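Student: Starting from the known structure of chain A, fit chain B onto it as the hints suggest.
These protein sequence lines map, in sequence, to chains A and B. Per numbering that gives the first Met the number 0, the first sequence starts with residue 0, numbered consecutively. Per numbering that gives the first Met the number 0, the second sequence starts with residue 0, numbered consecutively.
Do not take every clue at face value.
Unchecked claim - Sample of chain B residues lacking proximity to chain A, with all beta carbon distances greater than 10 Å (derived):
no.	residue
1	L78
2	E188
3	A262
4	D283
5	I284
6	D301
7	V392
8	M445
As the list claims (entries may be wrong) - Below, a sample of chain B positions facing chain A; criterion: calculated Cβ distance under 8 Å:
no.	residue
9	S46
10	D48
11	M134
12	E203
13	Q204
14	D233
15	A235
16	S243
17	P323
18	G324
19	A326
20	A396
If you're looking for bench data, these hints aren't it; they were derived computationally from the structure. Every value quoted in this text rests on a predicted model; they were computed, and no experiment measured them. Ideal Cβ positions, reconstructed from N, Cα and C, are used throughout, including at glycine.
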Amino acid sequence: MLLKNVLVRLITTAITLFGVAVVVFVLVRVAPGNPIAMMLPPGATPEDIANLSALYGFDKSIFEQFVIWLGGVLRGDFGTSITLRQPVAELVLGRLPATLELSTMALFIALGLGGTVAVIGARKRDTATEVGLDLTSGAVLSIPDFLWGLIFVLLFGVLWPILSISGRIDPRIEFDFTTNFYIFEGLIRGRFDVVMSTLSHMLMPAMSLALPLAAMIAQLLKQNLKEVLNQDYTTLARVRGFSETSVILREALRNAALPTLALVGVQFTFLIGGTVIVERLFAFEGLGNMAIDAVINRDLPLIQGIVLLFAALFTVINLLVDLSYTLLNPRLRHG
Amino acid sequence: MTKTTDFTRRGFLGTSAAVTAFFASGVPLSAQSAGDLTIAYNVPVQSWDPTTGPAAVNPALQSVYLAVFDRYVGQAPDLSFTPSLLTEWGFNDDKTKISLTVREGVKWHNGDDFTPEDVVWSLERASNPDTGNPMQFVWSKIGNFTIDGNVITGDVLEFEPALFKWMAFLTGHILPKKYYEEVGSEGFEKAPIGTGPYMVDAFEQGAYVRLKAFPDYWGDAPAFETVTIKFVSDSASRVAEIESGNSDVTSNIPYEEYDRLIAKDGLSGQAVPVTDIGMIFLNDIDVMLDKNVRLAAHHAIDKKLIIDRLLRGYGVPLATLEAPGYAAYDDSITFEYDPEKAVELLAASGFSVENPVTFKIQTTRGFKPKDYEMIQAIVGLWRKVGIEAEIEVYEIAKHYELRAADTLAPAAFYNWGNSIGDPSTSTGFAMFGPSPHAVWDSADLMDKIGPLFVEADENARIQGYKDVSRYIAEEGYVIPLLQYVMPIVYNSSLDLTPYTSGDLLPQAISKA
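Only chain A is shown next, with the shape it has when bound in the complex (with noise of 0.2 Å):
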């Protein structure tokens, strides 16, 4: 059964990305602004634009673009950006580890702030402490992550500087990468300084990003704890002699965070989406920094490329959290 829900998912997923192709692929095509406009210089001619749209094949019609791009995508070909003149799979696939090892960062972080916070609020349900962290989810959670990133440049970057504000680290570093994977790779291979230093660059971006997600977290968990911990089960536990945060972390937090599981796994694809406008303060080259420049200068095989891989990452993800909800969930497990 979990293996033909697997199949049926997994045809719907290459149905969806053909549809955002198609979507992509002709939106930006027929949205104002082309690239061919863009590079004129004074002076250039009729017969000039002519020789460049023939160049990057802008001459041909709209459909005959897709077939050619369509044909070159399914032999692994995602064309070449107009503006960094390299190949498109080579450009996104190269920028992915940075946005991957970010959102993951951000994740964790999200889910340990708003597990603690979630954790302490049930443990003080009913009391001011209770009413106090309800008070600071709702205001950090109203706060968009690009006006969290500002702040903490501010406190972080210029009035106590010990972050780095800018990129993903420290250019003075020498380290050929080979996975792009900065964190998991100089940890592998004992680089300290490597791991020391993206940390550094990635903290803020990943606070950033994490913090309105925490914010949610702490909240929906914290109601199913609270909800969880009047059930039989956890009352026996109390009887057993188990401390309240104990009966929490041991009996009640497994089937609380199921719900939360759910929100997370959303969230997660939101999380990589917000990714676009926080690199992009940060100077942090991953996809989103790329995707505002290939918006920017309407480098086409270049948005296609990461709206395509987005829209992939956006499935995978969903399709994990709901295999992940499957086997975690009893019921579901055994229906």
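Tutor: Just chain B now, with coordinates in the frame of chain A:
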């Protein structure tokens, strides 16, 4: 027995302190170290071929390119032209041939000798439409090169008066024939070499480029052994970079921040007028066909007030598309702020405050400093004299497309760069109807500008453009607003030479 887990305040604080110490102790945050320079730059290098693709015609990238590559002809801070890889250049008397003398004793970064063959190959490659050089229309006007020693001669296929000025501007870089043919386009992107004062040591797309001084550079040795250029697109982050000491130099920040930063100890600044002007294109459609409306729209704008209030005084009011320092700048051409005259002109066409003339004005928002705010202020000034303009905000990409299709609104804000200061690349292409960049297409203007594109007498050509500029001002075919000022902030331990072209060259920065 069950082990209990409790959170303690002391534990939390201890962990926090450890984390802080972890980052504070191990990570070098200060930019300054002996022989190193860090620049927070606003535009990322997209490609390392400075002669093809969109990056090649992006003026903002020229600063980085000029650190690595040399052009045929150099340019001094005041826009004057200087020897570079060519030591002499010129047309023959009847303008049918060109002669180029190639500098000797120059090395490429890989140790190869720089040769006249590199120059010819670069020129021929630039003129080949298949290579995607956007300036091919310039380079295709010369050809049939022959080499004799270090002198190259070539035929003029079509006379271009500004040919040698173009050799100091976009796509005017010389690339290494032998190396490029060996490694190909992709190989060159990954390991570019030039003859410039710095070699590319490390490059992270979208993040930074680290440059090392080239020991065999033919010119003066640069002051810094290592230059790191961080690509920081967000202006708030660039401000934080310089304020925190993470970077030594930055530019193109808001004027408010410039004033604040240079008041701080340890930071200095220079704000210099650059070859970039703000203007309002008028399209020869609808109400803009009425000369009274055009002139009234121009007379109603208090440019000095806008510069003082919105740009904190950082700007130079302009009456033509030629700025001070350009070859055809004529300070006798003025255009007064005169709202009473604007009212009179509009009244002559039947318009008043009660019965205003209406049209649309398009503008970008945030593409240039205070662009949208300037247009808002102008619309406010217009309203006082009887002009009701509706503002439409669009992206710069849409502006380019609309302008190429000649479908801009009756009025459209834009900025026009002209790093070589030649009138053909400002008044010429901006106002000559058949150009894809021109918006005003009247025959009278085409008749006046057309012959100047092929005028062989340089004095007559420059005077011709001055006359055209005066005519344009009298007819109100365009509304020039101001010359922009580029703010540069840097560590006070540095000395910096600003360039009117807007370039921020690492080799022009030294220790104070």
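Student: Please check whether the beta-carbon of B/D301 is more than 10 Å away from every beta-carbon in chain A.
Tutor: holds, 30 Å
Student: Please verify that hint: B/E203, Cβ, nearest Cβ of chain A, below 8 Å or not.
Tutor: holds, 6 Å
Student: With 8 Å as the cut and Cβ atoms as the points, is B/P323 at the interface with chain A?
Tutor: violated, 20 Å
Student: Does the nearest C-beta of chain A fall within a distance shorter than 8 Å of the C-beta of B/Q204?
Tutor: holds, 7 Å
Student: Given B/D233 was flagged as interface, is its beta-carbon under 8 Å from a beta-carbon of chain A?
Tutor: holds, 5 Å
Student: For B/I284, is the shortest CB-to-CB distance to chain A above 10 Å, so the non-interface label stands?
Tutor: Correct as stated: the minimum Cβ-Cβ distance to chain A is 19 Å, above 10 Å.
Student: When you look at the beta carbon of B/M445, is every beta carbon of chain A farther off than 10 Å?
Tutor: For B/M445, whose nearest Cβ neighbour in chain A is about 14 Å away, the distance exceeds 10 Å, so it holds.
Student: For B/D283, is the shortest beta carbon distance to chain A beyond 10 Å?
Tutor: Since the minimum Cβ distance to chain A is about 19 Å, B/D283 lies beyond 10 Å and the statement holds.
Student: Would the least Cβ to Cβ distance between B/E188 and chain A come out above 10 Å?
Tutor: violated, 6 Å
Student: Using the nearest Cβ pair, does B/S46 come within less than 8 Å of chain A?
Tutor: This interface hint holds because 5 Å falls under the 8 Å limit.
Student: Does B/G324 pass the interface check with chain A, least Cβ-Cβ distance below 8 Å?
Tutor: violated, 18 Å
Student: Is the interface hint for B/D48 satisfied, with its Cβ closer than 8 Å to some Cβ of chain A?
Tutor: holds, 7 Å
Violation of the numbered hints given earlier is confined to hints 2, 17, 18 and 19; the remaining hints are satisfied by the structure.
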